[in-house]
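Colleague: The hints should help you fit chain B onto chain A, whose structure is shown.
Protein chains: 2
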Amino acid sequence: MTHYPFRLPAGPVDLTSIETNAAPGFKGGKKKGKAALFALGDELSDLQERLFAEGRSGSERRLLLVLQGMDTSGKGGVLRHTVGLVDPQGVKITSFKAPTEEERAHDFLWRIRRQLPEAGYIGVFDRSHYEDVLIARVRELATPEEIERRYTAINDFERELVDSGTTVVKCMLHISADDQKERLLARLDKPSKHWKFNPSDIDERAQWPRYREAYEIALERTNTEHAPWFVIPSGKKWYRNLAIGRLLDDTLRGMDLQWPVADFDVEVEKKRLVDEAPLS
Amino acid sequence: MTHYPFRLPAGPVDLTSIETNAAPGFKGGKKKGKAALFALGDELSDLQERLFAEGRSGSERRLLLVLQGMDTSGKGGVLRHTVGLVDPQGVKITSFKAPTEEERAHDFLWRIRRQLPEAGYIGVFDRSHYEDVLIARVRELATPEEIERRYTAINDFERELVDSGTTVVKCMLHISADDQKERLLARLDKPSKHWKFNPSDIDERAQWPRYREAYEIALERTNTEHAPWFVIPSGKKWYRNLAIGRLLDDTLRGMDLQWPVADFDVEVEKKRLVDEAPLS
Numbered sequence: 003m004t005h006y007p008f009r010l011p012a013g014p015v016d017l018t019s020i021e022t023n024a025a026p027g028f029k030g031g032k033k034k035g036k037a038a039l040f041a042l043g044d045e046l047s048d049l050q051e052r053l054f055a056e057g058r059s060g061s062e063r064r065l066l067l068v069l070q071g072m073d074t075s076g077k078g079g080v081l082r083h084t085v086g087l088v089d090p091q092g093v094k095i096t097s098f099k100a101p102t103e104e105e106r107a108h109d110f111l112w113r114i115r116r117q118l119p120e121a122g123y124i125g126v127f128d129r130s131h132y133e134d135v136l137i138a139r140v141r142e143l144a145t146p147e148e149i150e151r152r153y154t155a156i157n158d159f160e161r162e163l164v165d166s167g168t169t170v171v172k173c174m175l176h177i178s179a180d181d182q183k184e185r186l187l188a189r190l191d192k193p194s195k196h197w198k199f200n201p202s203d204i205d206e207r208a209q210w211p212r213y214r215e216a217y218e219i220a221l222e223r224t225n226t227e228h229a230p231w232f233v234i235p236s237g238k239k240w241y242r243n244l245a246i247g248r249l250l251d252d253t254l255r256g257m258d259l260q261w262p263v264a265d266f267d268v269e270v271e272k273k274r275l276v277d278e279a280p281l282s
Numbered sequence: 003m004t005h006y007p008f009r010l011p012a013g014p015v016d017l018t019s020i021e022t023n024a025a026p027g028f029k030g031g032k033k034k035g036k037a038a039l040f041a042l043g044d045e046l047s048d049l050q051e052r053l054f055a056e057g058r059s060g061s062e063r064r065l066l067l068v069l070q071g072m073d074t075s076g077k078g079g080v081l082r083h084t085v086g087l088v089d090p091q092g093v094k095i096t097s098f099k100a101p102t103e104e105e106r107a108h109d110f111l112w113r114i115r116r117q118l119p120e121a122g123y124i125g126v127f128d129r130s131h132y133e134d135v136l137i138a139r140v141r142e143l144a145t146p147e148e149i150e151r152r153y154t155a156i157n158d159f160e161r162e163l164v165d166s167g168t169t170v171v172k173c174m175l176h177i178s179a180d181d182q183k184e185r186l187l188a189r190l191d192k193p194s195k196h197w198k199f200n201p202s203d204i205d206e207r208a209q210w211p212r213y214r215e216a217y218e219i220a221l222e223r224t225n226t227e228h229a230p231w232f233v234i235p236s237g238k239k240w241y242r243n244l245a246i247g248r249l250l251d252d253t254l255r256g257m258d259l260q261w262p263v264a265d266f267d268v269e270v271e272k273k274r275l276v277d278e279a280p281l282s
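Sequence order for the protein chains is A and B.
Residues 3 to 282 (our numbering) make up the first sequence, in order.
Residues 3 to 282 (our numbering) make up the second sequence, in order.
Here chain A stands alone, though its shape is the one from the complex (with noise of 0.2 Å):
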């Protein structure tokens, strides 16, 4: 797999000490960017289809996409345009909300459980488990204990995870404050952008400093070997899009798919055909 300048390193995180408007391991501007995800397209589509042809012959494997981060980091965009590439009968996303009361009453990875992608498939969970310990410890809807033990289970679930088939791809895409800014007020200027938009959202941002302390201890405590986090830089959009579909592109090639072989003798099946009485 390529060197990622983009995966997190072990240890303690300070995001702020990661640029978000840089495109780590790319030579060229936005449009050279955007051309250089539109040429993933045929090879990405051709890995999705393997790995889908394998899931239909008996192999359990799959992948995982998570993707977190601030509102405005541009999940959907990444969903959109790196995971638009590929055929959507074989993508199943899931996007998370805020728990119902039904999935209250159950352990926090219940619901998760319910959403996981089956063999072949590409899942992709747009916010996720990690939900459990961002919101949950901003605004503690759990008990300091409670959150303790998540980031112990979140490491076992996603060791289950991976023991069983699936790659897991973690991906915090990594904004500043200034540039949330930015996009909010772009979507204040823009009638067709306003559904997108509550007035919350500006109260949600007044937490941003705990927000911040919360994805570093994160992403300190879940920065398995099974299960790595990339910090993509998210500032300039082709670049988070970009580097997310290489990123897949590298994982579905690490998983050196192979066409699924006949189980029945195909020159037998051609004569069959070629040979087969009039249809009536």
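Rather than coming from a laboratory, the hints here were simulated on the basis of the structure.
Mixed in with the good hints, there may be bad ones.
[Stated by the list, open to error] Quick list of in silico lysine to aspartate or glutamate cross-link-like pairs, EDC-like style, CA-CA up to 20 Å:
1. Lys-198/A / Glu-222/B
2. Lys-192/A / Asp-181/A
3. Lys-183/B / Glu-278/A
4. Lys-29/A / Asp-251/A
Predicted model, so just to flag it, every value in this text is computed and none were measured.
Modeller: Chain B alone, transformed into the frame defined by chain A:
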């Protein structure tokens, strides 16, 4: 809405009289056809997003695209190339397989109802409740009286969908037995396509005339004003994809989708952002 040469007229249906390799309403060949579909992408994406935005803002409107057709007719190709043009976040695809034991214990529409798109979504059925009057008729999986009951039940069900805000678009991907033979042979020639082939596909093909008859009856009986059938000549894959792309585009344009109007004071929110206290 544009005039559709492939809108099925009322009355008895004779599929053998409908050319599968035609390209009605389009001047040009494969290259121009592919370019025309690609050129639709931005508009389709914009319309889909408006529909989605409406759904988030209280509208009950949604779209349901039903895809039916014989094996190899290209339901998967339409999903990949046409439905794949829009944001996967706003699309819910359901592939209906042979019903499970639980599903068979219920009325045939039970499992269909569970997969209907939510408000704002484009739902796509890859096979559908029509299998219950197609394979069910050919393979005698239900009594003639039950099959007879189902045509009316389908029309009532679709009426109910339309009345509650769903625009229903039903496409039959029309190929000939010769088209299918060619495609099955092509699958057998390519190792990357073997996973899509099953020897039982050839057994099923022997029932072609009975399937054609079952389609003709189903199309005639369920070709209602509220949920009409489109018979898409699907011998040319590029034309099939383009025809359905145009049909979706025209259908969405016909819905006159508007961006939701802000339910907050835009200037007040801008001011809050600009004047905010430092985030620390």
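Colleague: Are the Cα atoms of Lys-183/B and Glu-278/A separated by 20 Å or less?
Modeller: At roughly 10 Å apart (the allowed maximum being 20 Å), Glu-278/A and Lys-183/B satisfy the hint.
Colleague: With a cut-off of 20 Å on the C-alpha distance, tell me whether Lys-29/A and Asp-251/A pass.
Modeller: Roughly 19 Å between the alpha carbons, so the hint for Lys-29/A and Asp-251/A holds.
Colleague: Does the alpha-carbon distance linking Lys-198/A and Glu-222/B stay inside the 20 Å limit?
Modeller: violated, 44 Å
Colleague: Under the criterion that the straight-line Cα-Cα distance not exceed 20 Å, is the pair Lys-192/A, Asp-181/A satisfied?
Modeller: Holds, at roughly 17 Å.
Of the hints listed earlier, the one the structure fails to meet is number 1.
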